[in-house]
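Undergrad: Here the protein sequences line up with chains W and X, keeping their order. Heads up: the first sequence is residues 99 to 214, going by the working numbering. Heads up: the second sequence is residues 146 to 261, going by the working numbering.
Please note that a few of the clues may not be correct.
To be verified - 27 Å max Cα-Cα, derived DSSO-like pairs, lysine-lysine:
1) X/Lys216 with W/Lys136
2) W/Lys101 with X/Lys202
3) W/Lys168 with W/Lys136
4) W/Lys136 with W/Lys114
5) W/Lys168 with W/Lys213
6) X/Lys159 with W/Lys136
7) W/Lys136 with W/Lys101
As the list claims (entries may be wrong) - Partial pick of chain X residues on the chain W-facing surface, computed with a CB cut under 10 Å:
8) Pro153
9) Lys156
10) Ile157
11) Gly161
12) Leu206
13) Gly230
14) Asp231
Said to hold, decoys possible - Quick list of simulated restraints, FRET-style, between CB atoms:
15) X/Glu189 with W/Val144: 16 to 26 Å
16) X/Arg209 with W/Thr118: 37 to 47 Å
17) W/Glu115 with X/Gln229: 23 to 33 Å
Simulated from the structure, these hints should not be mistaken for lab results. Predicted, not measured: the structure shown is a model, and the values here were computed from it. Backbone N, C-alpha and C fix where the C-beta goes; we use that ideal spot for every residue, glycine too.
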Amino acid sequence: AQKVTQAQTEISVVEKEDVTLDCVYETRDTTYYLFWYKQPPSGELVFLIRRNSFDEQNEISGRYSWNFQKSTSSFNFTITASQVVDSAVYFCALSEVEAAGNKLTFGGGTRVLVKP
Amino acid sequence: DTGVSQNPRHKITKRGQNVTFRCDPISEHNRLYWYRQTLGQGPEFLTYFQNEAQLEKSRLLSDRFSAERPKGSFSTLEIQRTEQGDSAMYLCASSQTGFYSGNTIYFGEGSWLTVV
Numbered sequence: 099a100q101k102v103t104q105a106q107t108e109i110s111v112v113e114k115e116d117v118t119l120d121c122v123y124e125t126r127d128t129t130y131y132l133f134w135y136k137q138p139p140s141g142e143l144v145f146l147i148r149r150n151s152f153d154e155q156n157e158i159s160g161r162y163s164w165n166f167q168k169s170t171s172s173f174n175f176t177i178t179a180s181q182v183v184d185s186a187v188y189f190c191a192l193s194e195v196e197a198a199g200n201k202l203t204f205g206g207g208t209r210v211l212v213k214p
Numbered sequence: 146d147t148g149v150s151q152n153p154r155h156k157i158t159k160r161g162q163n164v165t166f167r168c169d170p171i172s173e174h175n176r177l178y179w180y181r182q183t184l185g186q187g188p189e190f191l192t193y194f195q196n197e198a199q200l201e202k203s204r205l206l207s208d209r210f211s212a213e214r215p216k217g218s219f220s221t222l223e224i225q226r227t228e229q230g231d232s233a234m235y236l237c238a239s240s241q242t243g244f245y246s247g248n249t250i251y252f253g254e255g256s257w258l259t260v261v
C-alpha cells in the first residue's frame, strides 16, 4: 500500500526566512511520481512540481527547490526567502503507476504561516 | 487555456436531501478523478474515469454516492440522502494518460458541501 507522511503539521516563520517541508513516502512500485501541491485559503489545489522515480536530480524554480532522495524515500521542499503569500497548506502526494490509474495518495499536509 | 472547473462552489443542504456536483475537466484530458477532503486532512481518492468508463471506486464511496461521465467529457457526482458526515470539500481533477504526457494531475477549485 502507498503511504505519504508529512510529519510537520504546522510551521511558522517570519518573512524572508527559509522553510523546509519534509515528505517521506512508502511504495512497492519501482515506477512512480511524486508531487507537491499548494492549497491557499481559497481552497484550490495548485500544482507545484512533479518528479518521476527515475530522476533524482534536485530542482530549483525561483524561490522553490526540491530534494528527492530515493535512498531515504524522501522528497523535501524548500521555500527560500519566504513571503506572506507563501502562507498555505502544502501537500506531498505519491502517484501509483499508469496501469493503476495514477491515483494520488496524499500526506496530511503542512500548514505554513509566514508572518510579516 | 481553461483549467478544471467545478460547480457549485458551495452547497448547503439539509440532511436527507440529494446533491449533485459537476466537473468540467481540461478539454484534452481523458482521465477524471474525484477526491474528498475534510478539514485538516489531505484529499482522499473516491473514484476515477478513463474516458466514459468508471475504472475504480474507493471503499469510501458508499452506495449513496454515484458518479457518471456519460460522454467522456464532464462528470457529475451525486450524493443521495445526505448525512452530516458527508460535509467536506469534493475535488475534481483531470490528467492525460501515457508516460510521455507526464501524468500531471490538475485539480479544480473544489465544491464545498455542508450538510445541516
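Undergrad: Taking the hints in turn, state whether each one holds.
TA: Hints, one by one, checked against the model:
Pair hint X/Lys216 plus W/Lys136 does not hold up; C-alpha atoms about 31 Å apart against a cutoff of 27 Å. For the suggested pair W/Lys101 and X/Lys202, the alpha carbons sit about 18 Å apart, so the restraint of at most 27 Å is met. Simply put, W/Lys168 and W/Lys136 have alpha-carbon atoms about 23 Å apart, close enough for the 27 Å limit, and the pair holds. The hinted pair formed by W/Lys136 and W/Lys114 meets the criterion: a straight-line CA distance of about 19 Å does not exceed 27 Å.
For a cut-off of 27 Å, the pair hint linking W/Lys168 to W/Lys213 is broken: about 33 Å separates their Cα positions. About 32 Å separates the Cα atoms of X/Lys159 and W/Lys136, which puts this hinted pair outside 27 Å; it is violated. Of the pairs offered as hints, the one joining W/Lys136 and W/Lys101 holds, with about 19 Å between alpha carbons and a cut-off of 27 Å not exceeded. Restraint check, X/Pro153 versus chain W: the minimum CB separation of about 13 Å is more than 10 Å; hint violated.
About 14 Å separates the beta-carbon of X/Lys156 from the nearest beta-carbon of chain W, more than 10 Å, and the hint is not met. Residue-level restraint check for X/Ile157 is violated (minimum Cβ-Cβ distance to chain W is 16 Å; threshold 10 Å). Among the interface hints, the one on X/Gly161 is violated; its C-beta lies about 26 Å from the nearest C-beta in chain W, farther than the 10 Å criterion. The interface hint given for X/Leu206 is violated, since its Cβ lies 13 Å from the closest Cβ of chain W, which is over the 10 Å cut-off.
The beta carbon of X/Gly230 is not positioned within 10 Å of any beta carbon in chain W (closest approach about 19 Å), and the interface hint is therefore violated. Of the supplied interface hints, the one on X/Asp231 is violated, with its beta-carbon coming no nearer than about 17 Å to a beta-carbon of chain W, more than 10 Å. Separated by about 19 Å at the C-beta atoms, X/Glu189 and W/Val144 satisfy the suggested range of 16 to 26 Å. The supplied range of 37 to 47 Å is met by X/Arg209 and W/Thr118, whose beta-carbon atoms lie about 42 Å from each other.
The hinted window of 23 to 33 Å between W/Glu115 and X/Gln229 is violated, with their beta carbons roughly 41 Å apart.
Comparing the model with each numbered hint stated earlier shows that hints 1, 5, 6, 8, 9, 10, 11, 12, 13, 14, 17 do not hold.
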